[in-house]
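Enquirer: Sequence:
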Amino acid sequence: MKHRGRHRRRRRGAALRAFLAGTGLALTAAATLISASQADVTDSPGALKPLSSPADTAPLGLQERLVPARTLDRLSAAMGHPVGVDAVLASADRGMSASGDCGAADRASLPVTPPATRAYCWDPADTTGTGWRPASVTTSGDADDDGVWGSHRVVLAGWTHSTTSGPAAERGLARVAFVDADDPARLAYRWVLLVVPVDGGRDYRGLSSAISGMVWYQNKLLVTTRTGSADALYVYDLDRIQHTSVDGPAVGRVPGGWSADGYRYVMPAIGSYRFTAGRCARSGPPCPGALALDRGSAPDSLVAAEWTAPDGDRNARLWRYSFSTDPARGGLLAADAAGRVKAVEAYRTRAAGIRGVLAYRRPGTDRASWYVGRLPGAQDGHGALWRQDTGGATAARCGADGSHRCWAASAGSLSYWQETGEVWSLSDRMLFAVPLADLDRSLE
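One gets my numbering by counting positions in the sequence shown from 1 and adding 272 to each.
Note that these hints are calculated values from the structure, not bench results.
We treat Cβ as the ideally placed atom computed from N, Cα and C, and that holds for glycine.
Misleading hints may appear alongside valid ones.
Computed spacing ranges between beta-carbons, pair by pair [claimed, not checked]:
{"hint": "1", "residue 1": "Asp-661", "residue 2": "Pro-527", "range": "54 to 64 Å"}
{"hint": "2", "residue 1": "Asp-638", "residue 2": "Lys-321", "range": "14 to 24 Å"}
{"hint": "3", "residue 1": "Gly-422", "residue 2": "Gly-674", "range": "18 to 28 Å"}
{"hint": "4", "residue 1": "Asp-398", "residue 2": "Thr-662", "range": "39 to 49 Å"}
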């Protein structure tokens, strides 16, 4: 059953043609290859090793912790009636430029192979001299299989502020760009600050977390939490976006109303998932990194990758949780009566420094391919994108020396838009899309 009021289905032919009109976008400035003096990413992560023993899978278990309804209702009553995604998009106050109008340094951050078929740079006010950096992406193609939310096609991009630079009030905060993608030639966006209710809903604080992974499923948004936390994920409700009333640097309740460091909108968390085995550790729970949605599983599932240092010796784990099929728990993970969530599949990979993950099962096949985007050991420059399964691994090659460093610079998470066949991602400077078919051809 659809979430009440979530969206209406529409005829998709004309809208899809308009949305795909940008796929012929000429990205005339090629992304630069990395000099041989930098660390190379040519070592294959090899075949995935299935993890099935309780000793391997138990550390992946989660405990669901939902915010009491009375807490959320108290906050909503104090702040005013929540607004929806449409209201946020209608107030978009930032524009994005298509690749041809972006700077050379922006374009140089795009993938070398395969090239992006659409790409956009952010408003300079958000990228010049700020401590904010993008890391995660999800779309209305994740939210619903028809790719539309209400009457809009939407891209959400998660950004995190540095914990060591910039105004003290902003350090470590997390925000989401709500991007109106109805017209591929004119993307526009509005910021929403992520917050967490406190004091029984009488106040809120900013979410102090690096949101390296983010998935929008039905009316829920799941984001990762900072490395070292026992919490693995926070959960947000797209129907509970609140309008602030005071334009000031504080975050929370202030004399005269509600403030959010100058942002017009906040989205309060409605729950979280915590590793039952405690904080992430080498032999225990993983440090959560990239997230993605897999609609090829039954039921739909959340796939995750462990964050490990790109130049370290610790191999990462890949795993998945099923989403609940209970209509009353739309967008939440499948949990037992006690709120416990188990991983339904897990692997070990020799990859490290994973910033993006995707699992996709091609029609007629009985196993999924896992795509992992990796940072180079030096944590800068172009990384590699590998496709793995239990049989082996392949990656694109580029340049005369056959380097695997063909993916975007400091690339973030991956999101597959089923309706259009595109994989969306972002570099440290640009938002871009690559058809999955092109990606696979580059890996063959």
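Enquirer: All the hints need checking, so say for each whether the structure fits it.
Expert: Do the hints match the structure? See the list:
{"no.": "1", "hint": "Asp-661 with Pro-527: 54 to 64 Å", "result": "58 Å, holds"}
{"no.": "2", "hint": "Asp-638 with Lys-321: 14 to 24 Å", "result": "18 Å, holds"}
{"no.": "3", "hint": "Gly-422 with Gly-674: 18 to 28 Å", "result": "47 Å, violated"}
{"no.": "4", "hint": "Asp-398 with Thr-662: 39 to 49 Å", "result": "41 Å, holds"}
Hint 3 from the earlier list is the only one contradicted by this structure; the remaining hints agree with it.
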